Amino acid sequence: MNPEKVVFGFFIVLALTLNFGFFVGEIENPDHHHVYELFAVIVVNLIATVLKFGDRSQMGALLLATSLVAILQLIAAAVVWTFAVHVADIGLTPVVMASIVSLSGGAMLANVISVILLIIETVMLRR
Amino acid sequence: MENIIFLILRRMRQPLLTLLAVYAVAVLGLTLIPGRDADGGTWHMSIFHAFYFVSYMATTIGFGEIPYAFTDAQRLWVALSLYAAVVAWIYAFGTILALVQDKTFQEAIAENRFARRIRSMREPFHLVCGYGETGSTLVQTLTRRGQHAVVIDINEARTSIIQLQDLREFVPALHGDAAITRHLQEAGLQHPSCVGVVALTDDNLVNLKIAITSKLLNPKVKVICRADSHDVEANMASFGTDHIVDPFDTFAAHLAVAFQAPCLYLLQRWLTGREGSALCEPVYPPRDKHWIVCGYGRFGKAICARLKGEGIEVVVVEAHPESTGQPPQGLVVGRGTEADTLLEARIEEAAGLVAGTDDDANNLSIVMTARELNNGLFVVVRQNQHDNRDIIAAVDADMVMHPSAIIADKIRVLLATPMLYEFMSLALYEDEDWACELASRVSALVREEVPQVREWALDDDCAGALCEYLEQGGQFLLSDLLRNPWKRERPLKAIVLLVRRRNDRLLLPEPGLPLKSGDCLLICGNQTAFTRMQWSVSHRHTLDYIKTGEDRPQGWLWKKLTQQ
Numbered sequence: 001m002n003p004e005k006v007v008f009g010f011f012i013v014l015a016l017t018l019n020f021g022f023f024v025g026e027i028e029n030p031d032h033h034h035v036y037e038l039f040a041v042i043v044v045n046l047i048a049t050v051l052k053f054g055d056r057s058q059m060g061a062l063l064l065a066t067s068l069v070a071i072l073q074l075i076a077a078a079v080v081w082t083f084a085v086h087v088a089d090i091g092l093t094p095v096v097m098a099s100i101v102s103l104s105g106g107a108m109l110a111n112v113i114s115v116i117l118l119i120i121e122t123v124m125l126r127r
Numbered sequence: 001m002e003n004i005i006f007l008i009l010r011r012m013r014q015p016l017l018t019l020l021a022v023y024a025v026a027v028l029g030l031t032l033i034p035g036r037d038a039d040g041g042t043w044h045m046s047i048f049h050a051f052y053f054v055s056y057m058a059t060t061i062g063f064g065e066i067p068y069a070f071t072d073a074q075r076l077w078v079a080l081s082l083y084a085a086v087v088a089w090i091y092a093f094g095t096i097l098a099l100v101q102d103k104t105f106q107e108a109i110a111e112n113r114f115a116r117r118i119r120s121m122r123e124p125f126h127l128v129c130g131y132g133e134t135g136s137t138l139v140q141t142l143t144r145r146g147q148h149a150v151v152i153d154i155n156e157a158r159t160s161i162i163q164l165q166d167l168r169e170f171v172p173a174l175h176g177d178a179a180i181t182r183h184l185q186e187a188g189l190q191h192p193s194c195v196g197v198v199a200l201t202d203d204n205l206v207n208l209k210i211a212i213t214s215k216l217l218n219p220k221v222k223v224i225c226r227a228d229s230h231d232v233e234a235n236m237a238s239f240g241t242d243h244i245v246d247p248f249d250t251f252a253a254h255l256a257v258a259f260q261a262p263c264l265y266l267l268q269r270w271l272t273g274r275e276g277s278a279l280c281e282p283v284y285p286p287r288d289k290h291w292i293v294c295g296y297g298r299f300g301k302a303i304c305a306r307l308k309g310e311g312i313e314v315v316v317v318e319a320h321p322e323s324t325g326q327p328p329q330g331l332v333v334g335r336g337t338e339a340d341t342l343l344e345a346r347i348e349e350a351a352g353l354v355a356g357t358d359d360d361a362n363n364l365s366i367v368m369t370a371r372e373l374n375n376g377l378f379v380v381v382r383q384n385q386h387d388n389r390d391i392i393a394a395v396d397a398d399m400v401m402h403p404s405a406i407i408a409d410k411i412r413v414l415l416a417t418p419m420l421y422e423f424m425s426l427a428l429y430e431d432e433d434w435a436c437e438l439a440s441r442v443s444a445l446v447r448e449e450v451p452q453v454r455e456w457a458l459d460d461d462c463a464g465a466l467c468e469y470l471e472q473g474g475q476f477l478l479s480d481l482l483r484n485p486w487k488r489e490r491p492l493k494a495i496v497l498l499v500r501r502r503n504d505r506l507l508l509p510e511p512g513l514p515l516k517s518g519d520c521l522l523i524c525g526n527q528t529a530f531t532r533m534q535w536s537v538s539h540r541h542t543l544d545y546i547k548t549g550e551d552r553p554q555g556w557l558w559k560k561l562t563q564q
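Quick note, the sequences are listed as chains A and B, same order.
Residues in the first sequence are numbered from 1 upward in steps of one, following the working numbering.
Residues in the second sequence are numbered from 1 upward in steps of one, following the working numbering.
To be clear, the hints were calculated from the coordinates, so they are not data collected in a lab.
Model, not experiment: these values are computed from the prediction.
Keep in mind that a hint or two might mislead.
Unchecked claim - Here are some of the chain A residues that sit facing chain B, going by a computed Cβ distance under 10 Å: (1) V35; (2) Y36; (3) L38; (4) A40; (5) L51; (6) F53; (7) R56; (8) M59; (9) L62; (10) A78; (11) W81; (12) H86.
Glycine included, every Cβ here is placed at the ideal spot set by N, Cα and C.
Use the sequences and the hints to build the structure in full.
Next comes the structure, spelled out in C-alpha cells:
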C-alpha cells in the first residue's frame, strides 16, 4: 500500500462527496446549502488540484484538467455568493441561489469524472 | 519547456499544500470566532471578509482590523495564524528560489534555450564535438570565413569560454556528453541545415560513437573524425566515415613528401596555411646519414615507418621499450635528454633528430642537448601543449609537429576547400620541377603572407553574367577570367590550380581553356584578385569590356547616340 495513493484517493473522493453534499437540496432554497460546505468543497478541491501537479502521464493530465474545471466552477459560485451578499446587497434570492448551486453542480460533474478516471487507473493497474 | 513546467509543479506541490492548509484553517477560525460589532452585538465574520483579512495578514501588509475592531479571542487567533502563514510563505518562496538556483533546473533551462536556437538555424552549419585546442582553432577559422558552427563539449568551462572569445559569428554551445545521442540530436544532427559533423574529442571511443550515430541518423551528413589508433580508424572507415584524421600519420606523410619533393611540401604548406600566416621557408631533410627518433609511441612508430620507406637508417631512443614495443632494429634505452644516450645513438654522425616524446619539456631538452653535440642536425620537434608555442618556436626547429594544429588545418581544408585535397593528390604524380615552378609562381603572387585559396563554382548564383553570356554562345577563356576588369591588359594576381568539370579534373589548366557553366575552379591568389574576378563574371558590362576591350554604352540614350 502506497500512502501517497491513499491521500490522493482520499482527497479526490472527498472533493466529490463534499460537493454532492452541498449540491443536494432544493435548488433555490438557501437553507439547504450551507456556506461552510461550499468553503470546504473549495479547499478540498484546491488540495486535490495541487496533489495532481507534476504528473506527466496522460491520465495525470486529464485528472488535472477535471480538477481545474471543478475549481473554476466553484470559484465562480463563491464569487456569485460574495457579490450577491456583500456587494449588490440583494441577499440570497432564489435566482442567486439557483445559479450558485447549478455552478457547484457543474463542478460535481467534473469531480465525478475525476473519480471515474481514478477508478479506471486503479483497474488498469491490476495489482 | 515542458520539462521545466513539470519540474516547477512537482517541486511546488508541498509548499502550495502547506499554504492552502494554513489559509483554510485561518479563514475557518476567523469565521467561527464571534466578534463584536459597533453596537456591542455578537457578530460573525463572513467567509468573504475572513478571506480578505487573511490575504493581507498572511503577507503581513496589515490594513487593520475591519470591519469592526477585533475581540481578544479573535486577536489570539490572528496572532497564531499570522506566524503560521508567514512561515508557510517563507517556505514557498524558499522552495522557488532554491529551484531557480538548482543545477538541474538551470541546465534544463540552458538546454531548452539551446535547442530552440538550433531549431531556428537557417544557414548551413557544422557540428563540432569537442572544444579543446583543435576544436577552438577550427571554429575560429570557420567563423572567420562566415561559416556557422555548433559546439558540444563535456567540460562546462570550455563551452562557457565561447562567449568570451571574439568570434565573428554566433556559436551556440551545449555543455553535454557528445556520446549521448540525445545531445547530438539537440545540437542539430538531424537538422536539415546540418552539413557536417566533426568529432574532435580526446577520447577515441567517443569519436567512434559520434561517427556511428551521425551516419545512422543522418546518412547524408559529412562526418570527419579524429582518431589516434589504427583499430579505431579501421572501425570508423568500415561504416563510411568520410574523413578520418590521424595527426601522427598525417605528419609522417608530410615528412615523406618533404623527403621526396621539398617544393611540393612547401607548396602544400603555403596553400593549406591559415590565412594571414607568414610564408614559410623550404626545408630539405637530409638523407645521407642515419636519423635518431626519440620516443617510440604512436608518433615515433609512424615516423620510423616513413623513414624506413625512404631507405634511411633509424636509431630509436626509448625509455620504456617494454610498454611501447620493440623497434625491429637499432634501439637505445633511455630518455634522450642525457648526452650519453644520444652519444650511444651516434649523435655526432646523425643527419636528423626527431624529438617525439609526449612531454614538451623533454622534447626541448633533447633538442638542446643534441644541438650541443652536433650543431648541423635537422631537427623535428613534437609540440604537445598549445601554450608551449613560444618556447618551441624559440628552439627554431626545422619542422614542428603539433597534433592539434595538424588536425585543425586538415579539417579546415576539408570543410572549406575540399578541392585542394584533390589538387594535392594529383600533384603527387607530377615531378619536382613542376612543383618548384608552381611554387615560384605562387610566391610571385604574394608578399609575406600565404596566398588565399578559394573554391568557386561557375553557376547562376556566383557567376550569373558569365552563365548568361555562355548560353548566348559566347566563349570565355580562362585567360579572360584572369584579366583585370579595371584594365584588361594587366593580369590579375591569381592562379587557377584545378578545374573540375563533371568527372574530369584539369590540373593547372592552360590559359586558352574555354570555361563552361557548371565548372568548379580552385584558385589561389590575393583578396583583390578574387573581388575583381567576381566583377568580371557577375556584371555584364564588365564582362563585355573584358572580352572586347571597349566600354560599350549601356543606356538607351547612349546606344541611340552612338548608333548615329
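Verification of the supplied hints:
With a least beta-carbon distance of about 6 Å to chain B, the hint placing V35(A) at the interface is held under the 10 Å criterion. The beta carbon of Y36(A) is positioned within 10 Å of a beta carbon in chain B (closest approach about 8 Å), and the interface hint is therefore held. About 8 Å separates the beta-carbon of L38(A) from the nearest beta-carbon of chain B, less than 10 Å, and the hint is met. A least Cβ separation of about 8 Å between A40(A) and chain B falls short of the 10 Å threshold, and the interface hint therefore holds.
The beta carbon of L51(A) comes within 7 Å of a beta carbon in chain B, closer than 10 Å, and the hint placing it at the interface holds. Nearest Cβ of chain B to the Cβ of F53(A): about 4 Å, under the 10 Å cut. The hint holds. Interface restraint check for R56(A): the shortest CB-CB distance to chain B comes to about 6 Å, inside 10 Å, so the restraint holds. About 15 Å separates the beta-carbon of M59(A) from the nearest beta-carbon of chain B, more than 10 Å, and the hint is not met.
Proximity of L62(A) to chain B is violated relative to the hint, the smallest CB-CB distance being about 15 Å (cut-off 10 Å). Satisfaction of the interface hint for A78(A) is found here, the shortest Cβ-Cβ separation to chain B being roughly 8 Å, below the 10 Å cut-off. The beta carbon of W81(A) comes within 8 Å of a beta carbon in chain B, closer than 10 Å, and the hint placing it at the interface holds. Residue-level restraint check for H86(A) holds (minimum Cβ-Cβ distance to chain B is 6 Å; threshold 10 Å).
Against the hints set out earlier in the document, violations occur for numbers 8, 9.
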